[in-house]
Amino acid sequence: MILVTIMLLIMTLIVVHWLVVLVPVVKSGEQTKAELLAASYAQLMEKALEDADETQVNALLNRLMLLNSPELDVPMVLRVEINLLNGKDFRKTQAYEPLTKNQFIAEAALFSPTSVDLLGVLRIHYNSEPYDRVVFDAQIRLAVLMLAMLLMLFIVQRLLARMLKPLNDLADFLQHVETTGANHVPEPGKNVAVEIRQVWFAVEQLFSRLGQRESDVRREHDAAQAALREKLEAESANKAKSQFLANMSHELRTPLNAIIGYSEMLREDAEEQERGALVADLGKIQHAGKNLLALINDVLDLSKIEAGKMQLYLEDIKVTTLVNDIVTTVMPMVEKNRNQLTIHCPDGIGSIQADEAKLRQSLLNLLSNAAKFTRSGEITLSISRSEDDDYPKIRFTVSDNGIGLSDEQIATLFMAFSQVDGSTTREYGGTGLGLAISRNFCRMMGGDISVVSRLGQGSSFSIELPVGVTRFLERQRGMSNQPQRLPQRGSPSAAPLAEERRSHKATILVVDADEMACDIVLRHLAKEDYYVAFVHNGSDAIFRIHELKPNAILLDAMTSGVHGWDLLKYVKSHPDLVQIPVIVMTMVDERKAAFAMGAVDYLMKPVDRDELINAVNRSVRRQSGDSVLVMDDDADSRKLVRLILENEGLTVVEAENAKLGLMRVAENPPALILLDLIMPGMSGLEFLDELKKLSNGRRIPVLALTGAVLEEADMRRLMMRVDGVIQKGAYSIDRVLSEVRQVISSIQPLKD
Amino acid sequence: MMSLSDYARYLGILLWLCVVGTDVAAGGEMEARRIEIGLSLFPRVLAVDLKFPQKSSAAGVVDLVFVYRSDHEQAVACAAQLFRLHPLISSFKVRTSVVEVSQIDSQIDSNQGPPAAGYFLTEVLSVTDFEKVSRFGEKHSRIIFSPHSGDVERGAAIGIMITSQVQPYLNMATIERAGIQLNPLLLKLAKRYE
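Just so you know, the protein sequences line up as chains A and B, in that order. Every letter in the first sequence is one number past the one before it in the working numbering, and letter 378, counting from 1, is 378. Every letter in the second sequence is one number past the one before it in the working numbering, and letter 84, counting from 1, is 84.
Because the hints were derived from the structure by calculation, they are not lab data. A portion of the hints provided could be inaccurate.
Claimed, not checked - Covered stretches of chain B (chain A as the covering partner; in silico rule of three or more C-beta atoms under 8 angstroms from a C-beta of chain A):
1. 41-51
2. 86-92
3. 185-194
Said to hold, decoys possible - Cβ-to-Cβ under 10 angstroms is the rule here; a few derived chain A residues that face chain B:
4. S28
5. L36
6. A108
7. T114
8. S115
9. G120
Backbone N, C-alpha and C define an ideal beta-carbon position, used for all residues, glycine too.
Between the sequences and the hints, there should be enough to build the whole structure, so can you do that?
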């Protein structure tokens with residue numbers, strides 16, 4: 001359309017230009033020619049006319065009449081006239097008849113050459129035929145040009161339409177592709193220009209790529225949906241597994257708890273009654289129960305590991321302390337078979353960051369195996385430290401000169417349920433799960449267990465673990481390490497502690513759905529002059545806690561009704577109850593969760609009598625007010641201070657951060673607070689601000705522990721807020737004790 | 001040290017002067033041609049004045065005056081040329097003289113006789129002088145002839161129109177005011193400024 005418009009415009013401009021500009025110019029040129037001719041001949045004739053020389057005049061006129069147009073070979077002048085003022089006229093006319101009637105008339109004045117008088121006028125009738133012919137020819141040519149342009153326009157339009165038809169078809173196809181649902185571009189047809197065909201194929205390729213992409217997207221979407229479904233199913237299965245493990249753990253351990261507990265109590269009663277035979281039988285029942293418990297524990301542990309539910313609880317462990325504890329535990333087994341146990345542990349072995357329970361279990365497993373499979377032999381526990389690139393490691397090696405293992409036996413040693421052979425089980429006992437579980441534990445902590453043995457000559461089992469498990473596991477992208485987080489709590493407000501005055505030394509409330517477990521606890525604690533009340537569900541527990549305000553609560557985490565953890569949170573968030581110490585009892589190892597929620601102690605079911613009594617005694621003693629609260633995020637520092645103070649007969653309560661510290665203060669205001677100024681989260685100074693807000697906090701003296709070297713001005717400011725400052729790393733035991741005694745002896749009694 | 005822009009500026013001024021100079025030179029040459037053509041046409045238009053014989057100064061003599069502004073020599077040259085080319089106009093002897101434009105009124109002196117038969121402007125006059133001359137011509141019914149471009153439009157009675165031929169160029173209003181009567185044949189052949 002644009003092309004047509006432009007063409008028509010050009011044609012119009014050409015015609016207009018011809019008519020308005022060119023024709024008048026040509027015409028004017030012809031007129032000028034006539035006027036010039038007349039002027040030149042007038043000048044020639046003036047002399048002849050003044051002299052009245054008619055012959056000369058006629059000769060000039062004839063010459064004028066003879067002039068021919070060079071373009072057409074026709075006369076230039078059709079007629080010439082001279083009109084004189086004296087009345088004389090001259091006139092000449094051509095016999096030639098022009099085709100057109102148009103003429104150019106030119107006039108020139110005739111003056112006397114001498115007197116310049118006006119003599120007359122010369123008039124020429126100039127033949128316009130050449131001009132007309134030229135104009136006509138030009139007009140013909142112009143018309144032909146116009147026609148040619150129109151024809152060209154028509155042809156171009158048709159050609160363009162024909163050339164662009166494939167593109168128009170393509171555009172139509174693309175516009176309607178969604179409604180037609182076509183999935184490929186149709187062929188462009190024959191006789192299509194190469195360029196158009198190239199465009200067509202490019203669109204076709206784009207179309208096919210889009211289709212491919214759409215199917216890829218659909219496939220990815222289906223895969224994502226399937227993955228999501230699998231994930232949901234896996235999570236559901238995982239959840240079911242977790243639930244199953246928890247239920248099975250509870251269901252299996254609960255009756256065992258009763259068997260072991262009652263058999264122990266009955267055995268004690270029988271011993272008191274000196275009924276030896278009964279004592280032996282009850283001992284067997286207790287032993288069988290413990291064996292069954294050990295088997296159940298191992299099976300549940302393995303199930304947990306295979307379900308991926310086993311978690312690590314990492315903490316800094318002093319190697320020498322751990323080794324001493326383990327040796328104490330395993331010595332009876334070693335001596336039972338008349339073996340000798342030798343410990344090689346260098347003084348500077350240091351600490352290891354690991355899951356203490358799992359490391360202890362693994363080492364006990366190795367030592368108990370060595371004790372079991374060696375008779376009258378030597379068992380050696382060697383500990384060594386190696387510096388390996390960025391990850392120093394500690395190696396625990398248990399060697400014995402016992403029965404040893406063959407290569408075939410070593411091959412199946414760490415497989416679950418594959419104790420060397422059935423005769424071994426019958427002769428030596430055991431579940432066949434210990435080593436499998438121990439290896440899993442070690443690998444979870446980034447290490448491993450290895451064995452070197454010769455049949456009949458003894459074995460050497462080695463546990464090698466990185467010293468810093470967290471860093472190692474982060475590097476190796478190992479198992480998830482989910483230290484339990486402390487729940488956010490506001491500062492607990494102080495509340496007066498209401499003690500139930502009884503004839504017994506203290507009141508203990510037991511919250512446990514298991515009546516037999518409650519009965520066992522009752523019997524244990526009653527002997528220690530505790531008044532024991534018990535409830536079997538969480539809802540009743542809330543009521544009884546408010547009613548009794550017990551000195552301590554023994555809480556089974558699996559309580560029905562209000563869940564045990566929810567009950568713990570409730571107690572630790574209620575201003576009237578927060579000061580009551582809660583000891584958590586549970587079948588499942590959730591120690592860190594318990595402490596994080598504010599429990600003061602943690603017991604694994606079935607509960608050991610001595611552990612139970614010690615925990616209750618500690619909790620009750622904590623309430624008496626003569627305790628020292630040690631607040632430091634560094635476990636080693638807390639342990640060091642605890643050792644120093646407990647040796648002096650002081651009760652030590654620990655808090656690893658300021659929020660826990662405030663909880664401990666609210667539960668039972670200590671006689672003294674040893675406060676590390678630099679702690680994560682709320683700092684020591686912020687703790688001091690919060691302590692001030694507690695009604696009894698103002699009167700608790702504080703000794704600040706700081707690792708930083710303070711300027712004199714900072715020290716003066718600090719001394720205004722605390723009762724003393726002890727520089728970490730620079731203090732001796734005597735210094736600490738001296739400061740503590742000085743502060744405690746100078747304070748006013750807490751109770752008014 | 002001149003900068004590039006200074007050089008460009010001076011070059012531009014030089015070029016402009018060249019153009020203007022050329023223009024001025026071309027214009028001067030054109031004027032000379034117009035004066036020359038005017039000198040040959042001036043006697044002819046005087047001859048077609050129907051009252052020309054009454055405008056003679058003495059018996060058989062007509063005075064033609066060449067008016068100038070400042071170039072006396074040119075005016076004298078024009079007067080001499082005309083006399084040489086046309087010593088007679090309609091059997092009257094031609095007598096030429098030159099006068100400065102400020103003295104044109106002194107032409108009329110009751111003691112010296114009537115004004116000249118025609119006046120030829122040899123130079124382009126100022127507006128004031130031109131009006132003075134035009135008034136003079138109208139007052140005394142005399143043809144003021146100017147060969148200079150634009151003077152007929154300003155008010156000169158007769159001038160020249162140069163196209164494909166040279167034609168007399170008449171200011172009909174001036175002619176009518178001056179009471180000048182021309183041969184109808186010339187009126188027909190000449191270009192008119194209405």
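Hint T114 (chain A) vs chain B: min CB-CB distance below 10 angstroms? Holds. Min distance 6 angstroms.
Given S115 (chain A) as an interface hint, is the shortest Cβ-Cβ distance to chain B below 10 angstroms? 5 angstroms, holds
S28 (chain A) as chain B interface residue, shortest Cβ-Cβ below 10 angstroms: Nearest chain B Cβ about 9 angstroms off; hint holds.
For the segment 185-194 of chain B, count the residues whose Cβ lies under 8 angstroms from any Cβ of chain A; is that count three or more? holds (count 4)
Hint check: is the beta carbon of L36 (chain A) less than 10 angstroms from a beta carbon of chain B? 6 angstroms, holds
Closest C-beta approach of A108 (chain A) to chain B relative to 10 angstroms, hint status: 7 angstroms, holds
In terms of beta carbon proximity below 8 angstroms, does the segment 86-92 of chain B have 3 or more residues touching chain A? Check passed, 5 qualifying residues.
Does G120 (chain A) hold up as a contact with chain B if the rule is Cβ-Cβ below 10 angstroms? 7 angstroms, holds
Between the segment 41-51 of chain B and chain A, see if three or more residues pass the 8 angstroms beta-carbon test, and mark the coverage as holds or violated. It holds, with 5 qualifying residues against the three required.
Checked against the numbered hints above, the structure breaks none of them.
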